[in-house]
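There are 4 protein chains.
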Amino acid sequence: MANEPSRIPVGIIGVSGYSGMELARLLAGHPRFALALAVSDKWAGDTVGDRLPFSGPSATVRIRPQAESATAMTGLELVFLCTPAEASLELAGQALAAGVRVVDLSGAFRLAMDEYPRWYGFAHPRADLLEIACYAMPEAGSSSDIRQAKLVSNPGCYATASTLATLALLRGGVIAKEGIVIDAKSGMTGAGRKASEEMSFTELDGDFRAYKVLKHQHTPEIERTLALAGAGALRVTFTPYYLPLRRGILATVYGRLLPGKTGADAAAAIKAFVADRPFLRATKPEGVRLHAVVGTNRVLMAADADPERGVAIAFAAIDNLVKGAAGQAVQNANLMFGLAETAGLELLGGTAP
Amino acid sequence: MANEPSRIPVGIIGVSGYSGMELARLLAGHPRFALALAVSDKWAGDTVGDRLPFSGPSATVRIRPQAESATAMTGLELVFLCTPAEASLELAGQALAAGVRVVDLSGAFRLAMDEYPRWYGFAHPRADLLEIACYAMPEAGSSSDIRQAKLVSNPGCYATASTLATLALLRGGVIAKEGIVIDAKSGMTGAGRKASEEMSFTELDGDFRAYKVLKHQHTPEIERTLALAGAGALRVTFTPYYLPLRRGILATVYGRLLPGKTGADAAAAIKAFVADRPFLRATKPEGVRLHAVVGTNRVLMAADADPERGVAIAFAAIDNLVKGAAGQAVQNANLMFGLAETAGLELLGGTAP
Amino acid sequence: MANEPSRIPVGIIGVSGYSGMELARLLAGHPRFALALAVSDKWAGDTVGDRLPFSGPSATVRIRPQAESATAMTGLELVFLCTPAEASLELAGQALAAGVRVVDLSGAFRLAMDEYPRWYGFAHPRADLLEIACYAMPEAGSSSDIRQAKLVSNPGCYATASTLATLALLRGGVIAKEGIVIDAKSGMTGAGRKASEEMSFTELDGDFRAYKVLKHQHTPEIERTLALAGAGALRVTFTPYYLPLRRGILATVYGRLLPGKTGADAAAAIKAFVADRPFLRATKPEGVRLHAVVGTNRVLMAADADPERGVAIAFAAIDNLVKGAAGQAVQNANLMFGLAETAGLELLGGTAP
Amino acid sequence: MANEPSRIPVGIIGVSGYSGMELARLLAGHPRFALALAVSDKWAGDTVGDRLPFSGPSATVRIRPQAESATAMTGLELVFLCTPAEASLELAGQALAAGVRVVDLSGAFRLAMDEYPRWYGFAHPRADLLEIACYAMPEAGSSSDIRQAKLVSNPGCYATASTLATLALLRGGVIAKEGIVIDAKSGMTGAGRKASEEMSFTELDGDFRAYKVLKHQHTPEIERTLALAGAGALRVTFTPYYLPLRRGILATVYGRLLPGKTGADAAAAIKAFVADRPFLRATKPEGVRLHAVVGTNRVLMAADADPERGVAIAFAAIDNLVKGAAGQAVQNANLMFGLAETAGLELLGGTAP
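Chains as they are written, first to last, in our numbering: chain A, 1 to 353; chain B, 354 to 706; chain C, 707 to 1059; chain D, 1060 to 1412.
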């Protein structure tokens, strides 16, 4: 072990939320990043190992209160912000000022300036940061941008699954840009960790319903990401639902089949899209299931079409806390530091079942 | 109680399946039907009360083996067939020959003759029965036909929720006939009662996936029912999913919004559709949840639209074993015998949560 | 219907909690009680039918705010208090003063005066009410007392299942009074309806744990009820757990087998205990399952013993919201008004599965 | 990597069962074992990576049919048998004859010769193998025996949790040997992977019940292991239940408190027991929850006592597929090959929630 390269010190602000916990798990097994700072008011004073079930050096890190974030970041190479958008706006500025690179997991830097009032309900106060933020979904955009970025905006969970499935059909020339419909179902960790009667076990077990119908803030994020990925200006209809399970998103994309195209073309579009992308896997539509992705950074994808009805259908499944949050954050951090894209993300085995 | 009208003797063939069990529950509380025959090879010899948790006269009925079905039907006014399509084809003929009216809950009489090979995998052997069968979804068709019918074909569970939501938008003049997409999620009782590794708790808990993609037999049933209901010839794309819960279907319908129409028009179309239909209820999209319909014969419906994206969206939720099977069967039987449409179906309270 | 006996007007204070909702469901189908008052701050202004999925006269009752409880009770024959113990202490006094009989579902009147500080954390302020309160578990005590009671204290859910299983073994002379252990598992509706991170779906789904170990307030309730039922002074060890499901309690009782006794004696003790009690049913140990009682007022019971190990084991399962709360409340109310004990409780069919 | 020690080639027979799948996951991340053989009739012809969601060298192993097991084992250092007891009896002999060491995860070598007819229903055919088999629960016995063993019998899942909790109380001198009661609840992966109506989602979701009451084959295994661990001859009463979740066992142990002992003594006994055992952790009773162990090889333990009632209570929670099967198998294999006991088992993070 004498010549092992030195570890890159990183921090997590907001370690007691579900994304923060998952990120701590991933970093504990990462070959190059070393957890040097963990922040949470709720857990302040305990060690990471007191709260999360793993061993090793990460487990010995003592958790610090939010008020110490700014000073405690000094000396880190990178900080992951697992905080609400309002907190991220402030912390990102502090980190960059201290020379610390940032991966932000909130929605603070995902949209264009003028979209914030409508979709997030506030006017964005930091045009300067939004300007330099790099929205980073490696399979949809250019990873070279990510390498240079000081401030990476990590994509939303729904946006990740939805954008990749849609992009595969668009890139394959299978569907029209008009009339794209995305029906996306998510496990409950996607709603975060909070006290709410609506989120109680009794209210959710055995239930299923849509929410934020025609109003979800991932709608413009998907549209913008598709545009950035070269699909041009388009509009998508996006409907999210709560599934009575903890982890996983399955997004279904319906598009208008272009003339002459078939189910085989749809399937081929998926195969072409996943090629050479380490976390993407093609399968058949019935094989896109949450059990096959939970606990991993994978995206499982499939597509088919019905020429008689003029429609193509694509499916993508992810673990919302891994590829939809903490895993993609590590993937982006790997790119930022010139590491292998899959470092620390390869041997994750799911625990499903 | 001296002048209480006499009870109408009815039977259930296939009482040990989930639809049969639910039907026994509903009939036990029905004011006019009396369970006089229950058939199941699996439970033969026991009483209904040995197997199902309710009391009263129904509970004392002794369950008979399948082989005795034909002879045991004599003297009944009506028999409910909760049997696979193959068995229903035979039993329906026997019942009618014995002067017993039939409500069949299988797919044996739901489609046109020429659709059976493709969607059910067999050539329909009884053109004579198919000819006289009355497909009976009271809210979609004419209840006068049902009153006269000797053989009622009870709709499929997905078809019930999907057709009603689609029909509301079409009747309201909100959407075009082209490009209708239905994304429908069902609880696991919809898959019936059988031994299968795929249906095991471990494989399904925490999982979610589509099945029979572009191939489900309720596709032509929905198309045919919409045509019979006056919507004209049209094609729908239908995708079913397994939800990790026991009861309930939520169907989401996407249609192309007609020019000038708005979300208010979509909501108004639902309100107009549910008016004067005792089991239909309008609410807002986020209110269409399974908990609100489980254990009842209700259909909860809502709609909205996004003119900017040119799409309307409608939701319908039902209990797949009640309105999607046994409850609708009782509703149809009520109409067949000139009873109140809601007899025995009004005071059902769900047990959710 | 000309000669139908007049309805007995009753009220529910706290209709928006899980017990209150279930009680409204049961009363909607009751042959003699008529819901005349429903109180809840949360739902004030809506009708019962706006909030709960059933029809009929009960559904039209408009819900009133808590502040109007006292005045609105005037003219009722009976009020069900589905309120926290603190509120019940006050409301019970108001109701009795207005000549309204009371069934209280809280713990306000379940223990002896001197037990309140230790187990409920407060000194009981109303010795006068506690004096006249009748703790009413019809299968454990004397129903003649219940008939006369002005103030009925409805048993706790764990206490109901635990007491009945223990009493069956004790009455049958199968076990010693010393060393009784009760290990009881409950669905999450037992924890009530509240906003709490600990009660969130994500924290509970897939989890299982004990709580209030050696400290649960049903411990003295079980001991006291056994003593009142003639078992003499004894101590039980009681451990409650949260099950990841909504409804149902399964209590397991371990006792020291008396010399010469066998598994057959244990089973016989159950059979003797359930005889002539309309809601009790005997089965084999593996048959005591939650699905068989959910939605009903039944208690499913079984027992066995291992002479080699000197132990007897008994099981009891109930629906915590029915026999463990609202159903037993109706059963008690039936007795208070001289109605059939099973009125309105017989044809309940569960919806499990 | 030039000086990396060479990998030890190992095989899994029965890779498509839940224990086999979990073992494949653990071996994929193990620093010294290399998966060189995977056998399953069901998956024969596919690679491990086609079936399980991880990458790396293990994923490229092609799965072979059962019939090739004996020949394919040649050259391995160790084979894990994730097969039914009947198959293990045969395969263990073949492996040992070929010079391959064995860790058997079935019940084939867990009991004494004369206990097989009663508890497993067959007369044990291989006294020779039973003679040399080393029952290996490292925290309960002597790990020096394990180091020498050619044939290791891996403990049962219930037996692991139950034995450790009981042993802690006995070693701590807190409870008597008489009258020990164990009430143990397991997730459904414990029932294995098979087609069965009883194991279907609809039958199990929302349900809870005991099974094999007073008849479970882990009863003598616990008794024997306690005896081997120095607790002397004793009898335990053991009751298993199915929990509606996938992974995890929580065992509750009740014992008769010895005179003068207190809750503090019980807690101290746990603390002493977990000291220096890398996979054991002490917490408070309410902290022993399945979420905290799922996906890890940990045992979470706690205890308390009630001197007034003369009882001590201890809890232990494990992941039945990890510490209860595959994880303990790797732990044992580590010891057999002189590796660190925690190799490949340390950085497992659960995915709960």
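Read the hints as simulated data drawn from the structure, not as lab findings. Backbone N, C-alpha and C define an ideal beta-carbon position, used for all residues, glycine too. Any given hint could turn out to be false.
Quick list of in silico lysine to any residue cross-link-like pairs, SDA-like style, CA-CA up to 25 Å [said to hold, decoys possible]:
#	chain 1	residue 1	chain 2	residue 2
1	D	LYS1274	C	GLU992
2	C	LYS977	B	ASP403
3	D	LYS1271	D	ARG1283
4	B	LYS530	A	ALA195
5	D	LYS1330	A	THR47
6	B	LYS503	B	LYS530
Non-contacting residues of chain A with respect to chain D, defined by C-beta distances greater than 12 Å in every case (computed) [said to hold, decoys possible]:
#	residue
7	ILE8
8	ALA28
9	ARG51
10	LEU52
11	PHE54
12	GLY56
13	ALA59
14	ALA70
15	PRO84
16	HIS124
17	ILE132
18	LYS212
19	PRO244
20	ASN297
21	ARG298
Evaluation of the provided hints:
1. LYS1274/D <-> GLU992/C: Cα-Cα ~12 Å, so holds.
2. LYS977/C <-> ASP403/B: holds, 16 Å
3. LYS1271/D <-> ARG1283/D: Given pair LYS1271/D, ARG1283/D holds - Cα atoms ~19 Å apart, limit 25 Å.
4. LYS530/B <-> ALA195/A: Not satisfied, since the Cα-Cα distance of roughly 44 Å exceeds 25 Å.
5. LYS1330/D <-> THR47/A: Within the cut-off at roughly 19 Å; holds.
6. LYS503/B <-> LYS530/B: violated, 33 Å
7. ILE8: ILE8/A is indeed farther than 12 Å from all Cβ atoms of chain D, at 18 Å.
8. ALA28: At roughly 6 Å from the nearest Cβ of chain D, ALA28/A sits no farther out than 12 Å, so the non-interface label is violated.
9. ARG51: violated, 10 Å
10. LEU52: It is violated; LEU52/A is separated from chain D by about 7 Å at its closest Cβ, not greater than 12 Å.
11. PHE54: violated, 5 Å
12. GLY56: violated, 6 Å
13. ALA59: It is violated; ALA59/A is separated from chain D by about 10 Å at its closest Cβ, not greater than 12 Å.
14. ALA70: holds, 29 Å
15. PRO84: holds, 19 Å
16. HIS124: Answer for HIS124/A: holds, closest chain D Cβ roughly 32 Å.
17. ILE132: holds, 33 Å
18. LYS212: holds, 22 Å
19. PRO244: Since the minimum Cβ distance to chain D is about 10 Å, PRO244/A lies within 12 Å and the statement is violated.
20. ASN297: Label violated. Min Cβ-Cβ 10 Å, cutoff 12 Å.
21. ARG298: violated, 6 Å
The structure fails to meet hints 4, 6, 8, 9, 10, 11, 12, 13, 19, 20, 21 from the earlier list, while all remaining hints are met.
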